[in-house]
Amino acid sequence: MATLGLSKVFILDKYFTELQKFWETEKKLQDASSSNEAVHLQRRLLSLSSELVTLRNHLHVGAAGGTAAGAAPTAGTSTGQPAVPPRAPHLLPPPPHAAQPPAPPLHPLPPPPETRWRNVPAAPPQASAGPTPTSGTSGPSGVSGLSASDVEDLIHLRGPLTEDAVVRALQARFYHNKFYTMIGPILIAVNPYTDTCNALTLTAARAHRPELARLVHDAVRHQADSGYPQAIILSGVSGSGKTYASMVLLRRLFDVAGGGPETDAFKHLAAAFTVLRALGTAATPANAHSSRIGHFIEVQVTDGALYRTKIHCYFLDQTRVVRPPAGERNYHIFYQMLAGLTPDERSQLHLEGYSAQDLRYLASPHHRRAEPEDAARFHAWKTCLVILGIPFLDVVRVLAAVLLLGNVQFAESAEGGAEPAGEAELAAAAALLGVAAPALLRGLAMRAPPRTSSARSVRVPATPAAASSARDALAKALYCRTVATIVRRANSLKRLGSTLGTLSSDSTESVHAQEARRASSAGGSRAGARSMAALNDAVRHATDGFVGILDMFGFEDAAPSRLEHLCVNLCAETMQHFYNTHVFKSAAESCREEGVACPLEVEYVDNVPCIDLVSSLRGGLLAALDAECAARGTPEQYVVRIKTAHRGHPRLAEARPPHPRRFAVRHYAGEVAYDTVDFLEANRDAVPDDLLAAFETGTCEFGFATHLFGAELKAMAAQGGAANSGGGFFRASPTVAAEAGSTLTQDFHTRLDNLLRTLVHARPHFVRCLRANSTETPMLFERTTVARQVRALQILETTQLMASGYPHRMRFRAFSGRYRALCRGAGGGASAGAAGSVAGAEGEACGRVLRAVQAAAAPPAPASPAAVRWALGKRHVFLSEGMRQVLERMRRGRREAAAASIQRAWRRHRARPRPAPRPRPAPIARTPPPDPADKCDPALVKRTCSLFGLDLERPPPLPPSRAYTVSGGVKLSYPQQRAVSAEWSDEGGARLRPGDTVLVVGAARRGHLAVQIGSRTVQVPHGVLSPPRAPAPRHHPPPPPAPAPPALA
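Residue numbers (this note's numbering): 2 to 1050.
What the hints contain is simulated information worked out from the structure, not anything from laboratory work.
Here a beta-carbon is modelled for each residue, glycine too, at the ideal position from N, C-alpha and C.
Hints may be right or wrong, so weigh each one.
Across the chosen pairs, the derived CB separations fall in these ranges [what the hints assert, rightly or not]:
#, residue 1, residue 2, range
1, T778, R657, 28 to 34 Å
2, P344, H209, 50 to 56 Å
3, T945, A980, 43 to 49 Å
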């Protein structure tokens, strides 16, 4: 009670202090003379208001222990409020030790935009729902003595749970080299930027991260126990370390279920990721190694063993190949190739004398010198291509052709057409692609209008802008299709016959045929009203037996942002909506459906309106873009269309400064302005068919280039071949839609839809990644940067739900099967025939377990917000995170004690002295032992000899050998003259050489002939002597004809 009184006194003092600050700030706000000062004071007022709400809620301090179901409330506890433990002041972490860089000064956090949570009093107990939700002590004991840097789970933070407390705890752990923090089952990872090696490859991810290893073990264990698919989902802004964490997770998964890094499967997968990282990574202002390709790694696991791995790639940033954004670089592979090619390879690839500044696709005012490790990484990349079985020269020929195509410029000719300015580069690119330079120039600079009949199109000269657009489209098509070919090759290695695939890179699911599912999975207005249970019932397909690792695009705010950035941010919005639905919405809906009053309602930020604005099929930004592409409109018309259709939408804003081609979208992580100058062209993603006609098998000498456009060339052959081409277009990137007219956004939406349907049927494990600062400085923690991400990812709301709500639920039978060992007699229950009676009996058994566990739990830790609460619904047990941790800790202790008892009994049994066995008395031998030597029975021998007519005094004669051989159907008797065909010698000094003639006197042992050599007779193998030749038959002259009889007179 003394501790309780002190806690109340501290909280009251804290409350009155903050209230005084609140009044002073309110008075300053009324007297503010400038708008900037007023805005600053308003933010300060919101921050103080949030602190006051938190402190006011914690003034209602109840009893220290939990109130059992049915028991009378103790003194100081109101019947309508759940008991909340007292809270102690939040202490700052100790300074880091001297070996670490000093922490920067603590700056004030940006205030939260609004108060997003509130406490709700518990409902009175209901007989049908089981016992009342019970609140009480925190999970682990001894948390009160821990500093902020030692708190591994944020739900055990001391003091009020505020944004400032969460950021301070992350900062304290950061400067103690603790970059991973838990929020119940959710992992928070802060990127310290301390890895200087190429950490984006699978072979370099060797760091021992116990938190990530524990996450992998949990996923594999859940998959083995339930057979249910598992998905580890990494989310965060660009540069937050998602790719590095995914590589550590995948390597650990191979250690657990795949046999380790020495297996062929691991070596092939490591080689594939080394190749893909160079092809899909580029430098941006936010991240020097930004992954521009999203990955979903699907690892098929059965019986705890890995047997197949498949990589699904999501390639959006294709325009970077030909037009890198301002201040950014092209893909790493181009710079590594220029740094690592030998002089002979440069000559073979027509790149002699070229540097990055000489190539238009790589030239940039922000160009930097080649890194020393670029050449080494290129050699490693080359080795990995060999491991994958991909010809190195085929890939670099395409990459060199892409770079040289960028230097082919077009100017207006005297006739008004396009005339090439870089003929040397055009000829070199044509030679690398295996096509004739005139044919390539004709495909670039000549264009046929769209055909309206079956008549052959007439080609006319293209404008310089159209020729340059065709050149860029060809370069993008070559690069994207090369990446897709490498992915298919990597997935074909060690590929077993399995029908458990969940996604397909070659899926032909149509966007328009799946409109309803696309809208629901993408988070449209109807999707916002659906629950996870409804989504689970809507989609059923075979997804058992895999552990997936999802490393998708992080939120980006580029200046200016293009269509690729809009798709990237839509993907980030969708993943955030999936998180909100799984963590917040499903918990609230489950409590409401089963009549359980949740002690805490978390008001999270729902981003469904933003997703609906972008992806709605009825007037969304992407749907309007498809319509504008079909109408061949302009960027200005597109902006007017969306602003007219969505006038007054809370998520659509005006770009600052206003521009006729720009608009802004208020995303969950901030407002982003988009420039639509390239929206229409990037969405069409088209390459002319008369340009692809140059790669037909009969005219192209480079089989790999022909293979890249195999599907399109087959479609053109079905329409009559290159002679009838012209006026048509194909997609530059390989499409997944069955329809030829699909656009880039439609294909991306289809693949995102397939991914979401896979994740809905998997048990998710979330990893929320944060970047420590905005400059990628090692071991620097910027509180403003981290606080912005904490607010965007709703980490504070997640912590409050885990600490005080019911985030976990289990079926009665599953709960009883897992925890009934914690209470004797919990497995029993009255048998009943009705389903309701059975559920009631199972609920009573679960209640006995929970009451026994709560009675045996550790005493409450003061100032910890993690409450031990539980409630019984109609079919489920609802648990707080603190209660789940108590149950798991007690179950683990019970299992360890049982294992120790078994081991102790076994050791006692082994160590117990045993009496020496009594010697068995030898049996009395009545007959002499048998003689082991063989004996001969003379009588039996005599009878056998008399039976066969043999003489006992002489050995039996050898059977006579055959005195002749047969050759050519003629019987030849011995002796014979034979020629030696191979050299032979024996131990006695006899030697035969090829060409010698020897005398064969007879047959010897099996396979040998008796040969007379001098005075000796030796046995020579048949193969040494050539077979004898049969004598030729003698041909006698025919007898003379008989004389004619004399003629009659």
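Against the structure, the hints:
| no. | hint | in the structure |
| --- | --- | --- |
| 1 | T778 with R657: 28 to 34 Å | 29 Å, holds |
| 2 | P344 with H209: 50 to 56 Å | 43 Å, violated |
| 3 | T945 with A980: 43 to 49 Å | 47 Å, holds |
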